[in-house]
Structures are given as C-alpha cells and as structure tokens.
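Listed below, chain by chain, are the residues.
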Amino acid sequence: MFKSATHMVQLTQPTGVELNAYLILDNKITRQEIELKTLSNYVQQHPQGWKKRLEVAELLYAIGRWEQAVDEYRQVLKRQPHCINVRLQLGKMLHLMAREAEAIEVYESALFLSRNVATRHHITGLIESCRQHYQAAVKTLESAASLEPDNVAHWLALGQAYLEIESPVSVQAFDTILKLNPDDIVALSHSYNALMAVGHFQEAGRRVSRALELAPDDVRVLKQMAAHRVYIGLVSGEEGKQTRQMILGVLQLAPNAADAFELFAYYHIFRGELEKGVAMLQKFTEKHPNSPSGWYHYARCLFHTGSYQLAAEVILKAYTLYQNDCEIYRTLCEILPAAGRLEELQPLVEEMLQHFPQRWSVWATAGRVLVESFNDIERGCNVSAKGTQLQPQLAEPWFRHGRVLALAGRHPEAVEALEQGWQLLPEEGHYLQSAQAAVWLGESYQVLGD
Amino acid sequence: MQANLNKVHSIALQEVNKSIASEEQALLKLVSQGDRTAFWQLWGRYQDYLSRRCLTWMGCNHTDASEALSRATLKAWDKLPDYAGTITNPRAWLTRLTHNVCMDMHREGNRGARGIESIEEMAIKDDETVALTLASPESAVLRQELGMTIRRAINALPLRLRAPFILRYYHELSYQDIAQQLALSTANVRKRIQQAREILQKNLNKYLAGLNDLSLEKHQSHTSPTTSAWEAPMTVGHTVDQINYRITALCLNLPHTWYSSPSLLAWS
Chain A
0 MFKSATHMVQ LTQPTGVELN AYLILDNKIT RQEIELKTLS NYVQQHPQGW
50 KKRLEVAELL YAIGRWEQAV DEYRQVLKRQ PHCINVRLQL GKMLHLMARE
100 AEAIEVYESA LFLSRNVATR HHITGLIESC RQHYQAAVKT LESAASLEPD
150 NVAHWLALGQ AYLEIESPVS VQAFDTILKL NPDDIVALSH SYNALMAVGH
200 FQEAGRRVSR ALELAPDDVR VLKQMAAHRV YIGLVSGEEG KQTRQMILGV
250 LQLAPNAADA FELFAYYHIF RGELEKGVAM LQKFTEKHPN SPSGWYHYAR
300 CLFHTGSYQL AAEVILKAYT LYQNDCEIYR TLCEILPAAG RLEELQPLVE
350 EMLQHFPQRW SVWATAGRVL VESFNDIERG CNVSAKGTQL QPQLAEPWFR
400 HGRVLALAGR HPEAVEALEQ GWQLLPEEGH YLQSAQAAVW LGESYQVLGD
Chain B
0 MQANLNKVHS IALQEVNKSI ASEEQALLKL VSQGDRTAFW QLWGRYQDYL
50 SRRCLTWMGC NHTDASEALS RATLKAWDKL PDYAGTITNP RAWLTRLTHN
100 VCMDMHREGN RGARGIESIE EMAIKDDETV ALTLASPESA VLRQELGMTI
150 RRAINALPLR LRAPFILRYY HELSYQDIAQ QLALSTANVR KRIQQAREIL
200 QKNLNKYLAG LNDLSLEKHQ SHTSPTTSAW EAPMTVGHTV DQINYRITAL
250 CLNLPHTWYS SPSLLAWS
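Read top to bottom, the protein sequences are chains A and B.
Numbered per numbering that gives the first Met the number 0, the first sequence spans residues 0 to 449.
Numbered per numbering that gives the first Met the number 0, the second sequence spans residues 0 to 267.
These are computed hints drawn from the structure, not numbers from a lab.
Incorrect hints may appear among the rest.
To be verified - Have a look at the derived ranges for each label pair, beta carbon to beta carbon:
id, chain 1, residue 1, chain 2, residue 2, range
1, B, 200, A, 354, 33 to 43 Å
2, A, 44, B, 62, 29 to 39 Å
3, B, 146, A, 78, 42 to 52 Å
4, A, 354, B, 189, 42 to 52 Å
5, A, 73, B, 158, 17 to 27 Å
6, B, 157, A, 40, 45 to 55 Å
What the hints assert, rightly or not - Taking beta-carbon pairs under 8 Å as the criterion, some of the chain A residues facing chain B (in silico):
id, residue
7, 6
8, 63
9, 91
10, 110
11, 111
12, 116
13, 118
14, 155
15, 258
16, 447
Ideal placement from N, C-alpha and C gives every residue a C-beta, glycine not left out.
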C-alpha cells in the first residue's frame with residue numbers, strides 16, 4: 000500500500016527558470032545542509048565508493064538541486080552500471096528538466112539492461128513519452144500493464160500518459176490502482192484530475208476527501224481539496240474559514256508554489272476582495288520573477304478581473320520563460336484577442352498546434368481562435384474537428400467543435416456535433432458541462448428556428 | 000559327521016568374515032590415505048544394500064531414493080577419509096550415514112513447501128532431480144565434481160575477466176551488450192573473454208588429466224554451496240523487475256489541466 004506523502008520542491012534551471020516538482024519521499028528531510036556536507040566530505044575522501052555517493056545524489060534530488068543530483072547519479076552509474084532504478088530516476092529527472100535527448104539515452108541504456116519483458120515495455124513507453132509520442136507510449140505501457148496487471152507502477156505511468164493526451168481512459172488506469180490498493184494516495188490524487196476532466200465532479204470530490212483523510216500533510220492532496228472548496232464556493236462563513244486554513248496549510252508546505260497563491264487570490268476574489276486577490280499574485284511575481292507559473296497565474300487572474308492589456312503583457316512573460324506547457328499557449332489564445340494583440344497571436348497558434356498535437360483541447364482552442372479572431376472559417380472548423388477525432392468518446396471535444404461551428408455560422412452541423420457530445424455525457428455529475436452545452440444548443444436551435 | 004561339517008563350515012565362515020574384515024580395514028586405511036579407488040571398492044560392497052535401505056526410508060519413491068543414495072555417496076566421499084581410521088564396522092557406519100541423509104531429505108521436503116521461492120527455482124530443482132535419477136551415483140559424483148571444479152575456476156578468475164565471462168557464457172549476452180553494461184569497448188570485452196577462456200582451459204586440462212588437486216574431498220563439505228552467486232538469475236543490481244513507483248510518481252507541478260483553463264470565460 001502506498002501511503003508516503005507527496006512533497007514539493009523548487010527546481011531552478013540553468014537559465015534561471017523556476018519550476019516546482021512533486022516527489023514522494025519516505026522520510027521528512029531534516030538538517031539537510033549538515034547531512035549533505037557530511038556525506039559530501041565522505042565522498043571526497045572515498046571517491047571510488049558509490050553507496051554514499053548515491054545518498055548524496057538522493058539528498059540533492061530531494062532538496063531540488065537537480066543539476067548536481069544528475070552529476071552524482073551519473074557518477075554512481077559509472078561505478079555501478081547495472082543499477083536500473085538509478086537510470087530510471089536519472090531519466091525521469093532529465094525528462095522533467097526538458098533534457099529529453101539525454102533522458103532517452105539513459106532510458107535506452109536501462110532498456111538494454113532489463114531482461115523483464117514488462118519492464119522493457121514500460122521503459123519503451125517512457126522513451127516514447129520523452130519523444131512526445133504519447134499514443135505509442137500508451138500502447139507500450141498497456142502492454143506492460145497487461146503482462147504485469149498487479150504492478151501499480153505500470154498503471155500509474157499509463158494513467159499519466161492518458162492524461163497527456165487528455166483521454167478519459169486515464170480514470171480507468173487510476174481506478175485499477177485503487178482496486179489493487181484502495182488507499183493509494185498518488186492514484187487518488189491523480190484520479191481527482193482525471194475525474195474532473197470528464198465531469199465526474201462528485202466522485203472527484205469524494206476521492207480527494209479520502210486522500211486527505213489518509214494523508215493530511217500531502218501537499219498535492221491538500222491543494223486539490225482547497226481548490227475543490229474554492230471551486231464550489233466554500234469561501235464564506237465557517238466553511239470559508241476551513242478553506243482558508245487549508246490554503247494556509249498549503250502555503251506552509253509549499254511556500255514557492257504559484258498555484259497555492261492563486262488559490263488564496265481566488266479565495267479573496269470570490270469573497271469580493273478583488274484587489275487583495277490580484278495584489279497577492281502580483282507580489283508573488285515580484286518575489287519570483289523567473290517563475291513561469293507565477294506569471295501565468297497572475298495573467299489568469301488579471302484576465303478574469305478584466306485587466307486585458309496587463310494580462311497580455313504578463314502572459315507573454317510566462318511564455319518567454321517557458322514554452323513547454325500547453326496551458327500557457329492556451330491562455331495566450333484567450334488573452335491576446337481580448338487585448339487586441341492578434342498579430343502576436345497568429346504564430347503562437349501555429350506553434351501551439353505543432354508542439355501539442357496530441358491534445359484535443361489545443362485543436363479546439365486553435366479552431367475557435369481561427370474562426371473567431373482571424374475569421375479563417377474553413378480552417379478553424381477543420382482544426383476543431385481534429386479534436387473530436389483525437390477523443391471521439393469524450394463529450395467535451397464535441398461541444399467545443401459544435402461551438403466553433405456555431406461561431407462559423409454552420410448551425411446545422413453545430414447542432415449535430417453538440418447532440419453527439421450530449422450523448423456522451425456521463426450519467427451523473429456533469430451539470431456544468433451540460434449547462435454550457437444546453438446554452439450553445441439553444442442558441443443554434445434558435446438560429447435554425449427550431 | 001554333520002557336527003564336524005558344521006564346525007568346519009563355521010570356521011570357514013569365520014575365516015571368510017575375518018578375511019573380509021581385514022580386507023575392509025585395509026581399504027579403510029587406504030581411504031584414509033586418500034586412495035579414491037579404495038573408496039569405490041568399499042562403497043561398491045554396500046551400494047545395493049544401501050540402495051534398498053534408501054528405497055525403504057524414502058517411502059518407496061525411486062526418485063527420492065536415488066537422490067538420497069547420490070547424496071549419501073557424496074557425503075561418504077567427503078567424510079569417510081576423516082573417520083576411516085576409527086571405523087570398525089564400515090557397513091554400520093555407512094548405513095547410519097545414509098539413514099541421516101534420508102532423514103535430512105524428509106526435513107528439507109517439509110521446509111521445501113515454504114522455501115521454494117520461484118518457479119525457476121523449482122524448475123532447477125526438477126532438472127537436478129531428473130539428472131540425478133538418470134545417472135549412476137558414480138557419474139553423479141563425477142558430474143558434481145566437474146561442476147564444482149568449473150565453478151571454482153571461474154570464481155578464481157580476476158574480476159576484470161570474470162564479469163565479462165559470466166555475462167557472455169552464463170547470461171548469454173552479446174559482446175556489444177556486455178561492452179555497454181561494463182562501459183568497455185567491444186574489442187576489450189572480446190580480449191578479456193578470450194583471456195578468461197585460456198585460463199579456464201588450462202585449469203580444466205590439469206583437472207581432467209588428474210594433475211591438480213581440485214577434488215571433492217578437499218573442497219566440498221556437505222554444507223558447501225553447489226552454485227555460485229553469479230548463477231542466480233540476473234535480478235537486483237542487474238535487472239530490476241519492479242519499476243520503482245516513487246520514480247513513476249515524480250512529476251512537475253505545471254499549471255493546469257484543460258478543464259480548469261480560463262477557456263470557460265472565453266468560450267461562453
């Protein structure tokens with residue numbers, strides 16, 4: 000049973016860009032600097048050893064000094080070339096550090112060492128993920144999971160790969176883990192996102208509540224719970240106080256997490272304290288000018304509160320710092336038209352499609368922007384249709400495509416797409432999605448005189 | 000007349016027994032001096048009897064009885080030279096030794112139900128059993144001795160030669176694979192394996208010619224392992240059959256998934 004808590008560390012890339020990562024640690028790290036100094040001294044005195052060096056590498060990894068950790072892991076592998084798990088750790092870190100070519104090289108060496116067929120499939124899936132070939136990754140990870148159905152690591156990796164392609168099947172992967180280990184916090188937490196994505200809000204809420212019972216100090220779970228409470232409007236009265244306490248708890252555990260500050264900002268905004276909320280995120284960006292997440296969240300907040308020009312400036316700062324997150328691109332697509340900065344947007348739309356072709360939501364967003372902002376109706380409709388091809392079993396791409404068709408004035412086709420999406424809605428807990436779709440359907444019916 | 004004949008017969012028997020006893024004592028003496036032929040002469044006298052005893056003690060299971068007899072042979076081979084000087088009744092001594100072996104096997108059988116950890120291990124044990132049932136105790140002993148000799152020779156190789164040799168001939172990896180694993184050039188791997196082969200060949204030639212002392216009585220005790228660590232399947236340290244869940248769970252905290260994007264405002 001997997002009950003270790005998730006921790007968050009801040010990573011600083013060589014370019015100075017700050018990112019945060021979730022990692023699972025068995026023990027809370029205390030007196031890390033002293034420990035690191037002692038171990039480093041030992042390693043200097045015994046440079047040929049590898050066990051203490053591995054401890055140094057793991058400590059550096061746990062405290063977020065990944066550049067140094069990578070060097071130490073490489074040193075360990077020079078002395079112990081057979082350690083596959085060290086290779087996998089190194090590969091995963093390099094992948095997250097956007098050093099994909101190096102990650103692939105490391106994974107390939109691990110692949111070579113492994114004689115277990117399921118493990119080999121798993122590693123191949125990781126390589127495909129590094130190449131952003133997520134469909135191929137899903138296939139090989141499915142093979143790994145079918146060969147070793149009791150191995151939760153395969154299902155977790157599979158669920159993550161499904162999330163990358165915004166597939167609802169991710170829910171099933173996490174459900175399989177929960178069948179094996181009902182108290183698996185990582186799976187409970189991941190399935191929250193997956194369930195929210197398919198509109199199962201109630202079940203998502205139940206999962207995150209269960210995770211919080213099991214791990215009240217788990218930063219990701221606590222953040223999800225706090226977000227869930229803000230999302231459903233528990234911001235005033237006694238419930239509001241509890242939500243506030245939770246957010247403060249998140250901030251204590253992850254003082255460098257921009258999304259935790261965003262939560263606090265929206266808590267204030269939903270209480271009517273708009274300026275206080277916006278100021279909170281502004282302050283965060285002043286303190287963390289190299290955090291793309293900080294600028295991203297600040298831009299969202301400005302956009303939601305109607306400061307479009309400033310929001311455009313801010314989201315462009317996020318984009319300048321980091322181009323590997325499709326959410327930043329998508330937010331550019333929302334904010335730049337509102338700010339009237341279409342010339343800057345056009346190349347970014349193409350770039351977004353090129354970088355994230357596996358995500359249906361990117362195609363839907365690009366389709367709408369092409370129709371709505373650039374009046375490129377034919378291409379816009381074709382682009383948004385691509386989203387329905389990528390995830391034909393999911394209601395949301397059909398709704399979005401239907402809306403694009405309606406914006407293009409193609410109401411009969413729009414009705415068809417919207418009705419198709421309606422058929423695919425889950426049986427319960429889909430109120431928000433269905434309300435939105437009902438409005439769009441109503442508009443198209445009205446135009447058609449139905 | 001009959002009484003006289005019986006007396007003569009009795010005397011003759013006593014003489015024969017005396018002669019046999021003195022012959023056995025002579026053989027024991029030779030065994031204690033390390034004479035292998037003497038051991039087999041002595042063993043051969045009781046082999047059929049001990050085989051029947053094994054069958055009885057192992058519940059008429061021919062496979063187990065054969066295994067027990069083989070083990071008893073090895074144990075006797077190992078122990079007899081040490082005790083030969085003090086043994087007065089070799090038949091009784093060998094019978095007790097064989098009985099103990101059978102009892103040990105029964106205990107192992109009881110533990111075995113819990114002790115066998117993998118199908119592979121069971122398969123290996125099955126193979127060994129089959130091999131032992133098919134061969135005579137003598138050939139089993141020789142095979143065992145040869146196996147041990149080879150293992151010892153491999154273990155005696157310097158690490159720089161042993162590692163590539165084991166990866167090549169036991170784990171059946173290609174030269175290229177070995178080179179990658181050990182961070183060596185392929186040419187270097189080939190050279191090292193060739194050196195290892197030459198050393199092993201020299202040692203085994205000596206053994207087969209009877210010129211060295213690589214023999215069971217000096218090196219094998221009943222507790223000594225019959226396999227080396229490198230013969231275990233490549234698992235921890237070489238291959239990991241369980242992907243680490245913690246590593247899989249590692250991820251960046253990137254902004255959002257699509258469902259919480261600001262698109263709700265823009266789309267409506």
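Structure-based check of all given hints:
| no. | hint | result |
| --- | --- | --- |
| 1 | B:200 / A:354: 33 to 43 Å | 60 Å, violated |
| 2 | A:44 / B:62: 29 to 39 Å | 57 Å, violated |
| 3 | B:146 / A:78: 42 to 52 Å | 32 Å, violated |
| 4 | A:354 / B:189: 42 to 52 Å | 46 Å, holds |
| 5 | A:73 / B:158: 17 to 27 Å | 22 Å, holds |
| 6 | B:157 / A:40: 45 to 55 Å | 32 Å, violated |
| 7 | 6 | 11 Å, violated |
| 8 | 63 | 12 Å, violated |
| 9 | 91 | 5 Å, holds |
| 10 | 110 | 11 Å, violated |
| 11 | 111 | 6 Å, holds |
| 12 | 116 | 10 Å, violated |
| 13 | 118 | 6 Å, holds |
| 14 | 155 | 5 Å, holds |
| 15 | 258 | 7 Å, holds |
| 16 | 447 | 20 Å, violated |
Checked against the numbered hints given earlier, the structure breaks hints 1, 2, 3, 6, 7, 8, 10, 12 and 16 and satisfies all the rest.
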